[in-house]
Every structure is written in structure tokens, then in C-alpha cells.
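Enquirer: The residues making up each chain are set out below.
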Amino acid sequence: MVGIGQFDIDLFIRILPDLAYGALITLKFTTFSILFGLILGTITGIFRIVRNPILNAFSTAYVEFIRGTPLLVQIMIVYYGLPEAGIRLPPELAGILALSINSGAYIAEIIRAGIQSVPKGQMEAARSLGMTYVQAMRYVVLPQAFRNILPALGNEFIALLKDSSLLSVIAIAELTRMGMQIYAVTFNAWTPLLGVALFYLMMTLPLSRLVDYAQRRIGGHESA
Amino acid sequence: MSLLEIIDLHKKFGKLHVLKGINMNVEKGEVVVIIGPSGSGKSTLLRCINRLEEPTQGKIILDGIDITDPKININKIRQRIGIVFQQFNLFSHLTALENITLPLRVVKKIPKDEAEKIALKFLRKVGLEDKADHYPHQLSGGQQQRVAIARALAMNPEVMLFDEVTSALDPELVKEVLDVMKQLARDGMTMIVVTHEMGFAREVGDRVIFMDNGKIVEEGTPEEIFTNPKHERTRKFLSMIL
Ligand SMILES: Nc1ncnc2c1ncn2[C@@H]1O[C@H](COP(=O)(O)OP(=O)(O)OP(=O)(O)O)[C@@H](O)[C@H]1O
Ligand SMILES: [Mg+2]
Numbered sequence: 002m003v004g005i006g007q008f009d010i011d012l013f014i015r016i017l018p019d020l021a022y023g024a025l026i027t028l029k030f031t032t033f034s035i036l037f038g039l040i041l042g043t044i045t046g047i048f049r050i051v052r053n054p055i056l057n058a059f060s061t062a063y064v065e066f067i068r069g070t071p072l073l074v075q076i077m078i079v080y081y082g083l084p085e086a087g088i089r090l091p092p093e094l095a096g097i098l099a100l101s102i103n104s105g106a107y108i109a110e111i112i113r114a115g116i117q118s119v120p121k122g123q124m125e126a127a128r129s130l131g132m133t134y135v136q137a138m139r140y141v142v143l144p145q146a147f148r149n150i151l152p153a154l155g156n157e158f159i160a161l162l163k164d165s166s167l168l169s170v171i172a173i174a175e176l177t178r179m180g181m182q183i184y185a186v187t188f189n190a191w192t193p194l195l196g197v198a199l200f201y202l203m204m205t206l207p208l209s210r211l212v213d214y215a216q217r218r219i220g221g222h223e224s225a
Numbered sequence: 014m015s016l017l018e019i020i021d022l023h024k025k026f027g028k029l030h031v032l033k034g035i036n037m038n039v040e041k042g043e044v045v046v047i048i049g050p051s052g053s054g055k056s057t058l059l060r061c062i063n064r065l066e067e068p069t070q071g072k073i074i075l076d077g078i079d080i081t082d083p084k085i086n087i088n089k090i091r092q093r094i095g096i097v098f099q100q101f102n103l104f105s106h107l108t109a110l111e112n113i114t115l116p117l118r119v120v121k122k123i124p125k126d127e128a129e130k131i132a133l134k135f136l137r138k139v140g141l142e143d144k145a146d147h148y149p150h151q152l153s154g155g156q157q158q159r160v161a162i163a164r165a166l167a168m169n170p171e172v173m174l175f176d177e178v179t180s181a182l183d184p185e186l187v188k189e190v191l192d193v194m195k196q197l198a199r200d201g202m203t204m205i206v207v208t209h210e211m212g213f214a215r216e217v218g219d220r221v222i223f224m225d226n227g228k229i230v231e232e233g234t235p236e237e238i239f240t241n242p243k244h245e246r247t248r249k250f251l252s253m254i255l
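Keeping their order, the protein sequence lines are chains E and A.
This note's numbering applies: residue 2 is where the first sequence begins, and numbers increase by one.
This note's numbering applies: residue 14 is where the second sequence begins, and numbers increase by one.
The calculated label-pair distances, taken between Cβ atoms and stated as ranges, are:
no., chain 1, residue 1, chain 2, residue 2, range
1, E, I88, A, H150, 45 to 55 Å
2, A, H150, E, A58, 35 to 45 Å
3, E, A58, A, K130, 41 to 51 Å
4, A, K28, E, V135, 24 to 34 Å
5, A, H147, E, A21, 42 to 52 Å
Over the 10 Å line for every Cβ pair with chain A, so calculated as not near, a few chain E residues:
no., residue
6, L94
7, G155
8, R218
Partner residues are not named here, just some residues of chain E that face chain A (Cβ under 7 Å, in silico):
no., residue
9, G122
10, S129
11, Q136
12, V141
The hints are simulated quantities; they were obtained by calculation from the structure and are not laboratory data.
From a predicted model like this one, the values you see are computed outputs, not experimental measurements.
For each residue, glycine too, the CB sits at the ideal point set by N, CA and C.
Please take these sequences and the hints and turn them into a complete structure.
Expert: The structure is reproduced here in C-alpha cells:
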């Protein structure tokens, strides 16, 4: 048979529904995690820049710890470590928790850069009109910061989507694990793994295009 | 009693002593023009008046209330003191109309449609009613600055501060902004204007203050300051810019 290795087209067609289901799970985990990560990251990002040494220290420690350790280790700490501390989570919850904590740290840095990209005069103008710091942040600075960081957030989503394959080690039936399970019963590696790669690409490629598009739009807006 | 009273105001940035004991009164309806060389502390003075900078020492009394009192609600005070900046500082993600309605809704809790009516009224006042739906980047510098003035006015302040509001504008756009300010003065607004526009100072100013090196060197009517300055430093400064 012509093709790569043991690629089996019949098998490929048969496993498509399973892979699609796995991709859906991957998308679900990534979306939940990025949403919680966004909340966590926005708070942490603000804590990084407010003039309060305690908040600065906590947020910096969190960001440094997450960025300086492998995601795989973080996932295992949440899944195997927490139960020893008396906190037993189902794998799905542990997975989302680990991914959220992880993306929260990266998003915090994106948010911090985004806030700092908004000219100081915007905050001053808002305050001079009688807005409180919180109102000025909420209605003036953050909307502009989010507009500026949309591409960076998109890239973070893509990165997280790929990294979520590590959840396979804690038995979550996401795309990568689906592929591995098919391999385990068929003893054919090429077919399911190429399928897995293909599904990842089908998710990441349109997203990258979207990010490029957003980047161009914002670029045009800024220069005007 | 003066509307605004500044008593022995000092401001230090670390070791840098920028304001060294400013005393001045502004009466209701008065237009006070502040001139002086770069770095003399003019912007710092205006920024202290609405507490964008924290004064190091001294009192600022607005209509009988000491606004340097740490217990005061500064957000309430700032509603009574409008400021317009050299760099416009319009909110870039909002239209001209939204720039004006946002503080009305958020700070004054005015409902949307009423806020829009007020915003349109002030856009009309600065001649930009037809630009209500434009974003800042779709407006010229002069138009942006007029929206910024309308935004400050819509809060219904008792005093307006202007910090070199025409300095960032192309020469042909200066007049439209000055015209708005002249009309405002004629309407009786109390104004403190930092500017290099001596024509404006002469025509509209009730009083001119010359600042140098963190101090008020000399003050008087435009006539007195421009034609017969008493101090050597004032004379030198004027000869440089006139
Ligand atoms: N936030 C700050 N931190 C440190 N120094 C400052 C700060 N703001 C102003 N200064 C300094 O204070 C001095 C007075 O500045 P200010 O902006 O008030 O002068 P100005 O009279 O408005 O000058 P210009 O005509 O150039 O606008 C300058 O030496 C300036 O460098
Ligand atoms: Mg200045």
C-alpha cells in the first residue's frame, strides 16, 4: 500500500467519530480553562501593577512559579498531590483547574503588558472627570487593553489547546488520549496519531488566521 | 470670598522642589492666564489643583472647602474642576458622543438617553454635533480638543483648567479651539489657562500670572504685564516669545 507507514484508510474513516469527539473534549477543556484563566489573569495582572507590595509579591510569586515549572508537573501536583492534602478532585475538574492556573499566569503577563500599553493620559483623563480608580480601569483602561491584547490572547488559546494534550496523563478522554487508546487496541500508530495531528491542525489553523486578522486590524487602528 | 484660594502651595518630586510656595486667588467668572518658561511648574500647579498630583504642603480651597484635606472625597471634588490637557486624552475606544456620556453615566449616574441629550448639547456648543459618531482617530486634532473641552464642560464644573491645549495642534487648527475658549469666557466660566498664546491672554485674560522656577514672579492685568512688566525676568521671557 502506498502511503506513510501503516496508514490504513478504512481504519481512519472508522475512528473519525471518536477523534472528532476527542477534539470536542479538547476544545471544551481549553475554553473553560481560558475563561477561568482570563479571570485569574486579569486579577493577577492588575495585582502586578498596583502600588501594593503584598499584592505585588503574591502575584509575582504565582507567575514565576507557573512559568518556571513544566505544565506536566503542575497537572500532576493538582491530580496526585492535592488528594494527599485531603482535596480529592475528579480528573475533569483537576484538569481544568491545572490548565486555568497555568494559563492564568501567562494571561496575567499579557494583561499587564496590555494595561501598560494604554497611555497614562487615559487613566488621568478618567480620574480628572471624577471616576474612581476602579471605574477608570473598568470603563477606560481595560477595554483598550483588551483590544490591544486580543491577538496575544488568541495565541495563548492556541498554545493552551495544544498543551491540553498533557491532560491525557490523567485519563481525560481528550483528543490525544483518544488517539493513544485507538493505538492500544489496533496496534496501528500511524493512523490514529496522524488523525490526532490533523484534528489539532483543523482547530489551530483557523484560530491563527483569526489572530493574524485581528493583529492587522489593530495595527491599522493604532496608526490612524 | 474667592472661588478658589491657593495658600502656600508646595510640590516636591523627591528632592526636586517644583512649586515653592504658590499663593493665588481666583474669583468667580475670572479668567486667569498663567505664562512662564518650560519647567517653571505651570502644569504641576494645574495638576495639583485637581489633585492629579498630591501637594506636598499648603492648602487649596474651593468655595470654602479645603480640597487638600485627606478625608475629602476627591472624586466629588474633581467633578467640580474640569481640566483639558495638551494631548486631548480622548478615550480612543469610544465615539465623541460616548466620550462625553461615559463620565455622565458612570460618575453622575445619569440615564443613557438623558446623558446623550446633554452630550449633544455640548457638542453643539463646540460646533461638532455632526461628529458625534466619529471615533477620536477620525477627528482632526482641533476637533479632538473641542470634544475634550465639551467632555469636561458636560460635567458642569465650577472652574475649568486648560494646560497648553493648543500646543500640540497644527497652526491652522489653533483658532477653532481658542474661539471655543473665548466663547466660554464670555459665558462667564471661571478659567485658569496655561498658554503661550499671548493674543488670547491679552484679549480674554482678566489677569496674567508670570511663573518662573516654581514661584509667581509677577501678576497683573494683561496690559500691565505685556506693556509694562516690573521684573527683569518677566521682561526677558516676554522678549523671547513675543
Ligand atoms: N511626575 C513627575 N516626576 C518628577 N518630576 C516631575 C514630574 N512632573 C513634573 N516634573 C518636573 O517638574 C518640573 C516642572 O514641570 P511642569 O511640567 O510643571 O513644568 P511646566 O511649567 O508645565 O513646563 P512646560 O511649559 O514645559 O509644560 C520639571 O522640572 C519637570 O521635570
Ligand atoms: Mg506644562
